[in-house]
Amino acid sequence: MDFSADHIGFVAAAYALTGAVLVGMILAVVADLRAQRSALAQLEDGHTGRRRRAARTEEPSTAKAEEPST
Amino acid sequence: MQRYANPTRFMALSGALIPYAAAVTVLLFGAGLYLSLVSAPADYQQGETVRIMFIHVPAAWMALFVYTTIAGASVVALIWRHPLADAAARSAAPIGACFTFLALATGSLWGKPMWGAWWVWDARLTSVLVLFLLYLGYIAIWQTIDEPIRAARIAAIVALVGFVNVPIIKFSVEWWNSLHQPASVLRMDGPAIHSSILVPLLVMGLAYTALFITLHLIAMRSEILRRRVRNLQLARLDA
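Protein sequence lines, in the order shown, are assigned to chains W and E.
Counting in the working numbering, the first sequence runs from 1 upward without gaps.
Counting in the working numbering, the second sequence runs from 1001 upward without gaps.
Bound-form chain E, shown alone:
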């Protein structure tokens, strides 16, 4: 693992992987959209509105997954000071913020016809809104602090402090009274959803994951190049 974490090796490896990751993403989105919009039946209670779940639930999964990735990379950055860990954390944040925004916005578009409200101060909704604000704060730290080593350290600490929100989001539906249903896919006794709904949901989940991997690899390459540009500019100023 350490061998591939060298920026030069990473550039070579990611350059080879990105076309395959992009192809897998396109295939999974094609299959996922077909299953979500054509193959899946309307729900007996939600009607056609259930189709929003196929894009809302994976966005919410990715919001948590990407933040967990940032927290993991931040631990590596703080303890081992690995040059790629900061780049991995920083480049994941805007992607995670987009997924979180989609989870909130599509949830709102589902909530209006189903609950009769665009927004309620429910524990799950509020904790996801806090996650979105954490993403924005994390991005703002990188944007406002000029010195990269200082920015990386502060951003990593903020990411780790904010990670406490991830289990709160996950278990909010069990700890507090919530309009949201309890976990129905990742359960000890198996999913509580019929396969006609579960399969499109899982395929869309894989499609979102493949998209994140593809975009994260590209964004990490940009971040490595940005650092090279900065170093060259500083060297030019010194000369």
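Just chain W, with the same shape it has in the complex:
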């Protein structure tokens, strides 16, 4: 490639623009995947946390109810 050729600035600009757009597109796609993963993990943590808390509060009352009366 001859860097002193006519119109080389147009070639450089085209490659720089393509590189910027492609890298930007890759970063955006990967960032979206990470965002969805983290949103899902938070929701699932909240969901399992609620179930655990609900199970914990239910346990003593169930045990009391099942205790045979003497």
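Each hint should be verified, as a subset may be incorrect.
Said to hold, decoys possible - To list a few chain E residues with every Cβ distance to chain W over 12 Å, as calculated:
| hint | residue |
| --- | --- |
| 1 | I1079 |
| 2 | V1161 |
| 3 | P1167 |
| 4 | E1174 |
| 5 | H1180 |
What the hints assert, rightly or not - Label pairs and their in silico Cβ distance ranges:
| hint | chain 1 | residue 1 | chain 2 | residue 2 | range |
| --- | --- | --- | --- | --- | --- |
| 6 | E | L1234 | W | A12 | 49 to 55 Å |
| 7 | W | A28 | E | L1037 | 22 to 28 Å |
| 8 | E | V1075 | W | A13 | 35 to 41 Å |
| 9 | E | D1189 | W | V30 | 29 to 35 Å |
| 10 | E | V1185 | W | F3 | 26 to 32 Å |
Hints in this document: simulated from the structure, not taken from any laboratory.
Ideal Cβ positions, reconstructed from N, Cα and C, are used throughout, including at glycine.
Starting from the known structure of chain W, fit chain E onto it as the hints suggest.
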């Protein structure tokens, strides 16, 4: 095919495929850039400016290929209501819009030194600009309609109506007087380009295709997760 179109199976399969697709993409871009910037000779008429063609032409190919993928997925979504078809169509659109933008912008950067103008209202350029607007409209439909089933149906219909533009782009150089040259790679009597230019062009075309496959798989995974997030949020609101 139906077996792998299950979202859970797709997540497992795509998770295994993405690293290989990414590796192939990097290798093809490495080879393509070497061939385009180092190995290929300057053209006897265009000089060094011919190197813009190695990134412009594959971007234009991908603009059409991705839109055809969206139209194909839209047909599957409308007829068979397959859960992955909508996800495939929606996740391909931003990638296709980027390729179309690159085709227009790099074409403009080539046109200024070669034609003396950044833009002309030529049939090929105008129809590709319409394609870019179709991509933006398609993305806007998904962004503005909250209800996913309704958004999917409207987006699919718009994608199929817009598909009429694809053959117009392809044959615009034959149907109307155009500054663009007629087809020179996909021809009945073989390519009209010398192998020193054709090989870098084809390798870059493969690199762009591999990049699209890799990004599309990742974007489809995001879309499936987005739907799970939405379902969990709705379930939480109902509870």
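> Which hints, by number, does the structure contradict?
Replying inline: The structure conflicts with hint 9 only, although it agrees with all the remaining ones.
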